[in-house]
Amino acid sequence: MLKINHFSKTYKGGVKAVDNISLNVDEGDIFGFIGHNGAGKSTTIKSIVGILDYEEGDILIDGHSMRTEPLLCKQVIAYIPDNPDLYEHMTGIQYLSFIADIFNVPTTVREAKVKKYADLFEITENLGDLISSYSHGMKQKLAVISAVIHDPKLLVLDEPFVGLDPKAAVTLKKIMHELCANGSSVFFSTHVLDTAEKICNKVAMINHGKLVFSGTMADMLKEKEGSSLEEIFIDILDQN
Amino acid sequence: MNTMDAKINGKNKCWRLTKNRLIEQLDLNVFRYEKDKRKRNSKIAVTVAVCLVLLALAVYCGGIAYGYVYLGLTTLVPSMALFISSLVTLSFSLFKSNGEFFGFSDYDLIMSLPLTVKTVINSRFLNMYIWNTFISILIMLPMGIIYLGVEQPHFSVYLMWIASIFLVSLIPTALAAIFGAVVAAISAKFRYTSAIATILSIGLVAAVLLLLMTAPTADFGFGELFDSQTGTLNEAAFSSLAPFISERLNQFYPPTKFFKEAIVDGKILSFLLFAAISIGVYLVFLQLLALKYKQINTALTSHMSKRNYKVTVLQQSGVTVALYKKTLMRILKSTVAATNLLIGCVLAILLAVSTLIIGPEKMLQSMDLIDYLPLAKNSAGYVIAAMVSMTNTATISLALEGENIWIVKSLPITPKKLYDSYLLTNLTFTIPTSIICSILFSISLKANLSEILLILVTPLSFSLFTAVAGIFIGNRLAYYDWQDETQLVKQSLMSLIGMLGGIIVIVLLGAVANVGAIPLDAKLITTSINVFILALTAIVYLHERNRPIRE
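Protein sequence lines correspond, in order, to chains W and H. Per our numbering, the very first residue in the first sequence carries number 1; after that it's consecutive. Per our numbering, the very first residue in the second sequence carries number 241; after that it's consecutive.
Read the hints as simulated data drawn from the structure, not as lab findings. This one's a predicted model, so the numbers in the text were calculated from it and none came from an experiment. Check each hint, because a few of them may be wrong.
Below are the SDA-like pairs computed for lysine to any residue, each with C-alpha atoms no more than 25 Å apart in a straight line [said to hold, decoys possible]:
{"id": "1", "chain 1": "W", "residue 1": "K16", "chain 2": "H", "residue 2": "E643"}
{"id": "2", "chain 1": "H", "residue 1": "K534", "chain 2": "H", "residue 2": "L355"}
{"id": "3", "chain 1": "H", "residue 1": "K565", "chain 2": "W", "residue 2": "K16"}
{"id": "4", "chain 1": "H", "residue 1": "K550", "chain 2": "W", "residue 2": "S135"}
{"id": "5", "chain 1": "H", "residue 1": "K550", "chain 2": "W", "residue 2": "K16"}
{"id": "6", "chain 1": "H", "residue 1": "K283", "chain 2": "H", "residue 2": "F374"}
{"id": "7", "chain 1": "H", "residue 1": "K279", "chain 2": "H", "residue 2": "I645"}
Covered stretches of chain W (in silico footprint by chain H; criterion: 3 or more residues with CB under 8 Å from a CB of chain H, positions within the stretch not fixed) [unchecked claim]:
{"id": "8", "region": "76-89"}
{"id": "9", "region": "118-127"}
Residues from chain H shown here face chain W by an in silico Cβ test under 8 Å; the list is partial [as the list claims (entries may be wrong)]:
{"id": "10", "residue": "V559"}
{"id": "11", "residue": "N644"}
{"id": "12", "residue": "K649"}
{"id": "13", "residue": "S650"}
Beta carbons are placed, not taken as given, at the ideal position from N, Cα and C, and that holds for glycine.
This is chain H alone, in the form it adopts within the complex:
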């Protein structure tokens, strides 16, 4: 076989691997071959629902672009489109890349096949790239339609925009993959690989967030956009807004500069630079990872064995405690689950600590939300609750049993005991975080006793509610035949509902309590919301506790 044949063969094999993975992720064979109509129909219903949500996202992005055009900030649309697309794809890929490239379930099988390491890496990268490009299309296509429709630039700009849709996710995907590789390479050197990987992942993200939070704050007064007396538009302030935001985006993410120059100024050279940087970052990543790929995976899959155990005194626990310890260990020892689920609690603590150090006034000022300071005391509980609710381990605890489900099904335990253990595990993370954050916010906001009580009770009630709601969701959507945890934690519908459902409910109720739409005292509304949420939690718990474990 000559070199050219080998390259073509390598590309075919890479696509074959990626195709297999896509069939698995999209459950395409369920649509084609599943005989159980109920299972197939439910899959179709879920797919239609997801498509509708994605369509809504696309319409929303189009709406953002239209909003900019309406405000006379049309030239800002390309930079924003690229920035939003890159940020969203990076956030989706960051905690996914570790599991995508390293220690995946069919690693042994894949590596035993006559494939080069680069083919394997390429296939895993291609999978992430396809998903991320799909997200880019949803964001950049509607924004592009609005921008190009309004500006009607030279034909070459249309081509550059379309080409950019397929280039934009290369850098975020490569950055996420490098992040995953660094975490995997470091953690592989330790005995407690998963724990180290979790700490490193969360630590790196927290460090980046802190860096962003402590970066010089915006020197543009957004409050100046409207006249505070008359409420009319300040045209002078608006005219300087577009270059200001554009400059800020370039600072955060330099490729936006080249993209903006290509689209707004029609500079083909800038587009070529943007394309070269995007492809270059990917190629450098490929070369670097290929050097150490097998070594990292071998280190990750080689288990440390002490072989020195001696039977000593064994402790006895009750059934619920035994199940609780098992579930807690399961979550903490899974890097994918721990990083994705615990990030909510970490963010909440980061925000509370930052607010205490910097002060609520400066925090709100830096976000140009100083006008909302009077609402801070009544909103703090909802802010903590919304962030903490992202840590919803109860939703996926049942599905995480996976191929081990036979154990809990064959043991003499009631469903209630199992669900209680899932709830306790979830509350282990959310209750202490809620209490710590409430205390920190109460100090920084100088709250009085009744305000402290509400800041404390609100996240606690929502923590109970989201955990019980997690059991409800898991009981209906759990499945055990997942191939890897990334698929379950990052891509399943139940995980998405578990993480975002709570936030939506809390934000909506928080808005009801704070916007003044109801002519009652905000504290009274918040108290009523807490009573309602606790009652609802009790009803759902009583309804769910004896439900048979899902087949």
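Same shape as in the complex, but just chain W:
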């Protein structure tokens, strides 16, 4: 579903934020992308979803290159940034309708999806209010609903659990599992390593722009038996 081949990203001024990383996310994978602050996680994610251009390597979504066929790639992706800056001048339902319009979601489908997910996140009654009146958590919930409204094949999330209350975090995890059970994939960055350990079947670790591990969660934990993902992460950071 997502194939990153020798991807590098250099910012103006010559700083290499991401250096030659390659990884694969297959159908049904919940893929955790972990690293310290400034490691290159957000840069990679923004390149995957087509916000940032890149010069070296390639990113393939469902077999299409984000560089040459961005529209085909974006049709099957949904993205939720770490800080969901949504259109504050819109109401929640207007924003969801806007996203649904862009993805050509039929009215019956969008109604059913909005009802289902807004009820799950308990924000149905707030959908008629302006987004500017929402709390950070409510905006995050709305961003999640907008992301799943068109049944994406690849859901990309940047620090999705920040700002969500415990109940909403559980709901989001359920949604991620549900998507993967239906053949979609989830790729997300996180600092919450306990959560990553529990829900991811694959994981990649990035340190100063370089990939230091990519594989299954089971393989990673097997390397240092008895250690948690958090302990392994600290070990790897110390070694590098």
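Add chain H to chain W, keeping to what the hints say.
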């Protein structure tokens, strides 16, 4: 801490806040710390260009003063300098003050700091005052150099002129701030705060303009200044011109009377009165606003929440329509953007309605331009186009995405769809306005069919052109990391080019069509200009439509 220490501390804090804001507005840290040379160099280039424009403005003001001296109207220079400076600073501040004082992006942070409300208000006022004084310097310094150089008055007059440069913007700044406060206070009581603020702002400005337009017209015949037969100067008419204009300026803006008496007659008491009024207006404003400042801001930032939504039938739209609705809402729900950008259309309609009611002859007569009546039919299209072109929402639409830019960049939409939505939004305002104004002008000018067609087609062609040019400008100058909309809409280079660029092009082409420099029929020239503008619009559109969204 004793009272004196607290006051000194308050002043320091006020200056610290103002300094922070100036660093942000002037992008000073980009010059100092930006590692990206391209970004830094482009900032330097823009700054140099702006400085050159400002220098040209200063030279122009000096030229005006010299013109008055040349015509023997030297005593009129002080009144004119003060009046122009006050009018320009008031126009620059009027739609800015609302965003400067209320609902600014770092309000929560600032108010959580150990600062008094007066310190916060003072810092915001000081920021506007510094900008306005800078404008006053550009206007009053060159005019003063000419006046004082010619008159060579007593030493005290020099001092009074210099001191006045720093006093002149106090009243317009305070008036603009009061205007912003009144609009904010009223709109804060409504659910649709932005809409009410926009309507109130435009309504108040329109009311003032109407008042000025319907005020008793000048009873001085400017046409009498020159002998209509020989074209020579009528000295008798000229000698009575200076007191006449001076009196009119005093009527419009009474402080000019005290300033004129201080400078021309050397009356120090009049200067002290002028200074006292200027400072007094500011102090009254400060005291009044401090009483309600927090209350107004709280009302503005407290969002009304109904919490009663039930999922019903949801309508489906196409991609372009969805983007168009989003952009239209974005513009209309931003008071700063709506007031500054829609004023052009409002002014055009006001002028067209006034012309219809009063009649073109009386309108031109009141402006002493009756000699130009024969040109009115061919000029009407350009007049509408020039005013409507101020409503250039397409220029700032991309930059208005701001921190939301990730949404359009990550969605499966082509740049063309996005740009089309910006164009459609712009045309939503300009096309109906152009049509309405064209019909009204055609009726009032009693135009025949071919004249009606030109009055209609000219603003329509220029509306298309300025909207497409707006996309071109936005694609090259847009930036997303602005702190507040006022900065983007009122102070950015792209906004300035978008609003004034169209007017300059239209006025120049309108002059070409009407001054008779080309030995062809004016209608033929206007038709050719329309064909040229439409062709240029098509070329720019085809060139821009697939340009990647600016990083």
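Hint check results:
Restraint check for K16/W and E643/H: satisfied, since their Cα atoms lie roughly 24 Å apart, inside the 25 Å limit. The hinted pair formed by K534/H and L355/H meets the criterion: a straight-line CA distance of about 13 Å does not exceed 25 Å. Annotation: proposed proximity of K565/H to K16/W is violated, straight-line Cα distance about 39 Å (limit 25 Å). A C-alpha spacing of about 20 Å is found between K550/H and S135/W, which places the hinted pair at or below 25 Å, so the restraint holds.
For a cut-off of 25 Å, the pair hint linking K550/H to K16/W is broken: about 49 Å separates their Cα positions. The straight-line distance between the Cα atoms of K283/H and F374/H is roughly 20 Å, inside the 25 Å bound, and the hint therefore holds. Taken as a hint, the K279/H and I645/H pair is honoured in the structure, with Cα atoms around 19 Å apart against an allowance of 25 Å. For the region 76-89 of chain W, the stated coverage by chain H holds: 7 residues have a C-beta nearer than 8 Å to a C-beta of that chain, and at least 3 were required.
Coverage of the region 118-127 of chain W by chain H holds in this model, with 5 residues showing a Cβ closer than 8 Å to a Cβ of that chain against a need of three. Residue-level restraint check for V559/H holds (minimum Cβ-Cβ distance to chain W is 6 Å; threshold 8 Å). For N644/H, the suggested interface contact is upheld, since its CB lies about 5 Å from the closest CB of chain W, less than 8 Å. About 5 Å separates the beta-carbon of K649/H from the nearest beta-carbon of chain W, less than 8 Å, and the hint is met.
The closest approach between the C-beta of S650/H and any C-beta of chain W is roughly 5 Å, which is under the 8 Å cut-off, so the hint is satisfied.
The structure does not agree with the numbered hints 3 and 5 stated previously, though it agrees with the rest.
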